[in-house]
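**Student:** Here are the chains, one letter per residue:
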Amino acid sequence: MTLYDQLPALVVVVLLFTAPITYMLRLHGFPWFSAMAAVVTSFVVACSLAATTIGGETIIYEMGGWPAPYGIVLHIDALSALMAMLITGASSAALIFGAKSLADEVGEETAPAFFAAWLLCTAGLVGMVITGDAFNIFVFMEISSLSTYVLISAGPDRRALISTYRYIVMGTVGATFYLIGVGFLYMVTGTLNTADLAERVGQVEDIRLVLVAAGFVSVGLAIKAAVFPLHSWMPNAYTFAPNAVTVFIAAASTKVSLYVLMRVDYAIFQNSIANHDIQLTFFLVPLGVLALFAGSMLAIYEKNLKRLLAYSSVAQIGYIALGISMTSVAGLTGAIVHMFNHGLIKGGMFMAVACLALRYRTVNVANLAGAGKAMPWTMAAFVVGGLGLIGVPLTPGFISKWYLVLAALDEGWLGALLVAIILISSLLAVIYVWKAIEVAYFGEPRSNAVPVTEEAPLVMLIPTWIVVLAGIWIALDTSVTVGLASIAAKTLLGVEL
Amino acid sequence: MDLLLDIASAILLLTGGFFVFVGGFGVMRMPEFFTRMHAASLTDTGGAALILLGLMLQGGLTLVPFKLAAIFLFLFLTSPTASYALANAALLSGVSTACRNETGAPLPENEVDSADSKPASKSVAKTSASRTSGRKTTAKQAAEQAAPKAAARKASKKAAKKPAGKAAKKPARKAAKKAAGKPAGKKS
Amino acid sequence: MEWVYFGTSIAILVTMVLAVVRGLIGPTIFDRVLAVNMFGTKTVLFLAVISFLSGRPDFLDLALAYALINFIGVLAVLLFFQSRGVRRDAEAEREADK
Amino acid sequence: MITIVFSLFLLTMLVIVAVGILRTDNLFTAVMLSGIFSLIMAANFFILDAADVALTEAVIGAGISTVLFLGALALTAEYDRSPPVGTWVPLLTSSALGGVIIFATLQAPRLGDPNAVVHKHVAPWYLDRTPELIDVPNVVTAVLASFRGYDTLGEVFVVFIACIGVMSLLGRVRPRRDSIEEDEFDKRTDNLRHHLIPRVVGKMLVPFIVLFGLYVQFHGDFGPGGGFQAGALIAAGVILYSLLEGGPRGRELVPEWFSSLLVALGAFTYTCVGVVSMAMGGRFLDYSVLSHDPVHGQHMGILIIEAGVGMTVTGVMITIFHAFSRRGIR
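Chains A, B, C and D, in that order, are what the protein sequence lines are. In this note's numbering, each residue carries its 1-based index in the first sequence increased by 19. In this note's numbering, each residue carries its 1-based index in the second sequence increased by 337. In this note's numbering, each residue carries its 1-based index in the third sequence increased by 2. In this note's numbering, each residue carries its 1-based index in the fourth sequence increased by 4.
Here are the computed distance ranges between Cβ atoms for each label pair:
no., chain 1, residue 1, chain 2, residue 2, range
1, A, I181, D, L215, 42 to 52 angstroms
2, D, V23, C, P29, 14 to 24 angstroms
3, D, G103, A, V411, 47 to 57 angstroms
Calculated directly from the structure, the hints in this document are not laboratory data. Don't be surprised by glycine CBs; every beta carbon is placed ideally from N, CA and C.
Kindly produce the complete structure, drawing on both the sequences and the hints.
**Tutor:** Have a look at this one:
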């Protein structure tokens with residue numbers, strides 16, 4: 020076995036291997052360094068996996084050397100590689116970005132535990148996307164959720180504890196639903212391997228259990244993904260978490276649940292349940308549309324910049340849900356590209372907000388007056404991100420919305436309606452993004468406020484701009500993202516490449 | 338020989354089962370806590386011993402009787418210890434030893450309580466006081482304090498449950514609804 | 003022998019029900035602790051009898067584990083009430099000082 | 005038949021106890037009833053022949069969780085004072101959910117039906133091939149430790165991260181102290197030293213519990229047991245000692261740095277086995293390459309990873325208990 024053959028396992032093993040070391044070695048500055056090294060290594064491995072899969076190849080790696088339905092296999096195709104790249108990329112960017120702010124917020128004493136949790140969170144998310152086993156997804160879901168709770172509550176803000184508690188309750192309900200669904204599937208098929216499941220579910224004669232399983236899995240994952248009426252845990256969790264943590268989980272965490280939803284739904288249920296595409300449409304379209312409007316409206320009325328962006332995420336998840344619900348190659352491509360692009364955009368914006376928070380000590384929109392002059396580079400990054408949220412051409416948001424619109428136009432009158440909805444919600448996005456920009460550039464600072472004159476430190480600005488520029492690069496050169504996404508969409512739908 | 342063994346173990350098992358059941362019955366029917374505990378702990382040991390002995394006879398010459406013997410030994414050690422700990426905890430927080438009559442209603446609390454519980458808790462306090470200082474007050478005070486408190490709490494709870502509970506629920510629920518009804522965005 | 007095991011296990015099960023009822027109706031919390039403790043012992047016996055009834059006495063390990071650690075919980079209860087008593091004393095002392 | 009009757013009986017009791025837990029607002033009562041709940045659950049697992057699960061449930065549910073619950077209860081009030089919420093919506097939701105599950109399972113294969121799909125696909129393969137490939141009598145151990153060893157690795161990390169989470173919550177707030185001097189407070193509340201009977205009996209049992217834990221650890225290949233159960237049992241021994249002798253002495257016996265190190269060390273050991281097998285030319289967690297003989301390699305791998313699991317679980321239980329006892333069980 021060459022190192023190249025071991026790459027699929029390495030992407031997660033590196034993280035799992037480093038986490039206990041990070042926890043055990045209590046040297047000054049070491050936890051951050053080892054976490055960063057491991058995450059970056061994992062990112063490099065994920066990139067090389069993506070390079071392999073872009074030709075449409077699927078990698079199967081047998082854990083423990085046991086063949087597919089008996090042991091656990093890693094199953095890496097274009098979609099998983101793209102997601103793994105997003106997760107590890109977001110994780111390393113947030114870690115490098117947060118080198119200073121995390122040191123302030125977390126403290127020397129708890130740093131080993133915190134960075135071990137960070138590594139495990141990344142490992143859990145990556146593990147979920149690369150595995151080819153339905154129960155293994157649950158195990159890694161547990162790892163990622165538990166470590167996310169630790170990360171969110173690690174900051175000095177005590178309100179984080181309450182929001183973490185809500186997240187724990189909702190997250191546990193979601194994971195349990197998923198587990199119940201998987202249990203039913205095991206009951207009717209006797210297997211847990213996703214490829215094997217896909218085959219055997221089709222042979223089940225009485226599909227009542229399969230239907231209920233599909234319901235439980237979908238609702239459970241929708242809770243974990245913060246799809247609109249089930250999103251209530253998310254805004255506060257994002258708001259009170261340490262800034263770098265928000266960057267990471269906003270960019271990666273909910274998308275992974277959407278990924279699993281997509282994967283389980285398309286790979287297992289779509290070809291076994293008759294009319295499943297219609298059921299999926301009826302489940303996701305109303306939720307997606309509601310999410311678009313409600314998320315945007317809540318964002319418009321929000322005064323806290325972090326929570327504003329969180330509500331905007333609720334809206335953006337609506338787009339992804341719409342894309343998933345269309346069951347067409349174009350729609351899925353749009354959804355997958357938007358997952359990736361939104362991760363980049365939101366990550367960059369939360370980084371900019373973290374820079375603002377460092378200098379202004381608050382993230383209330385009203386207090387940020389004058390930020391445009393005091394911190395031009397930070398605000399410029401924020402503006403570029405905001406344009407991406409709206410979907411202006413030359414930004415990543417435009418690409419994904421473009422594909423969504425194209426997909427919607429294929430759907431007849433319902434599609435035309437969807438196009439209108441997408442356009443309206445983009446206008447709403449203009450309003451809430453403008454709200455922040457207006458105050459920052461044209462607002463008069465309050466007389467009693469301490470004037471901020473200093474730009475954010477370079478250690479934070481450079482990562483922010485790297486992420487922003489990466490977004491623009493991806494908008495200009497779509498071959499990687501759209502290429503991977505269209506292959507992924509075709510694989511999911513079983514269309515010939 | 339086998340038949341004899343079978344008969345012996347059957348007798349032991351069934352007697353043990355009967356003892357265990359009697360213990361459970363006692364726990365259900367005895368009037369107050371300490372007598373209930375008496376019923377439970379006595380038959381716990383007796384019934385368990387008989388059943389385990391009966392099973393041992395059936396085990397043959399394997400590891401099984403030894404495991405059963407180990408279970409027997411550990412139960413014999415832990416079960417009384419647990420009873421001791423429980424009774425002690427109950428005494429410490431002053432469970433009333435007031436008897437209840439046939440219908441389950443407590444007998445008038447006047448003499449029974451003071452006559453029974455105080456000497457008991459004192460003696461505990463004394464024995465332990467010889468080893469650690471400051472314990473004497475603990476046990477006694479706790480016993481004296483907790484008993485009326487517990488009774489008062491119970492009374493107030495019962496009283497509150499019917500009329501006050503319902504009355505209080507409605508406004509509270511309304512208030513909760515109001516708070517939840519506000520758009521979450523306005524809170525900050 | 004089957005029916006003897008069966009009869010014994012039924013007796014134990016009925017006792018378990020009685021213990022559960024006692025645990026549910028209380029009235030004092032110690033009655034509930036008593037119910038738990040009693041239920042634990044009955045579980046040990048039940049497992050022992052059942053492992054004979056189903057003909058697999060090697061599963062006695064479980065009953066052994068129960069017998070060993072069943073009473074840790076009761077000791078924790080004792081500790082809990084003991085420290086609560088001391089805390090109440092401390093609070094009372096503080097009140098008196100004020 | 006008897007299995008089904010007994011199991012129905014126990015399940016009915018389970019439901020009744022569960023309703024009892026929901027209906028009480030006294031948290032102490034809830035803790036006690038949940039003790040009964042897990043005992044019933046364990047008996048039920050046992051009847052359904054899931055001896056490994058039953059052992060775990062017995063040790064964790066009946067033994068340790070009561071202690072930890074009481075530790076948590078000592079830090080809060082005794083009564084549930086959450087504001088009254090409408091009971092209809094949750095009730096309707098959960099009834100609907102239960103209805104859906106029942107509706108679905110009406111079509112499920114009967115309990116113990118040999119023709120059920122579950123017994124036709126993967127399971128027979130495990131039963132047939134385990135003697136030849138791994139050669140341990142307890143197939144559950146073979147499945148958990150080798151065939152699905154990656155899942156178990158994940159679970160060990162779940163335990164690890166759970167420990168980090170509990171520690172980050174409990175270590176957050178400095179312990180509050182009453183007016184009594186700290187040392188004296190500890191002396192008076194923290195131990196059962198002046199209770200002669202529990203002290204003598206309990207200390208007598210501690211070595212047996214630990215010994216039994218080791219037996220379960222190394223006997224896991226043959227009978228029910230393995231690292232999870234063994235870890236919990238050994239930790240139960242240490243917890244018993246700390247209850248009797250007080251938190252400080254318990255922390256002398258197993259220092260906090262050691263128990264928290266053990267948590268990470270166990271997870272590390274497990275991962276290392278995987279990495280070593282990768283380095284020796286196999287897949288991740290492929291124990292066959294560890295030795296010249298594949299079956300012997302499997303034995304070695306399973307032994308080491310079970311030891312890792314045991315270390316992690318022991319460490320977690322003791323660490324969490326210490327965290328509670330340091331904040332004063334009172």
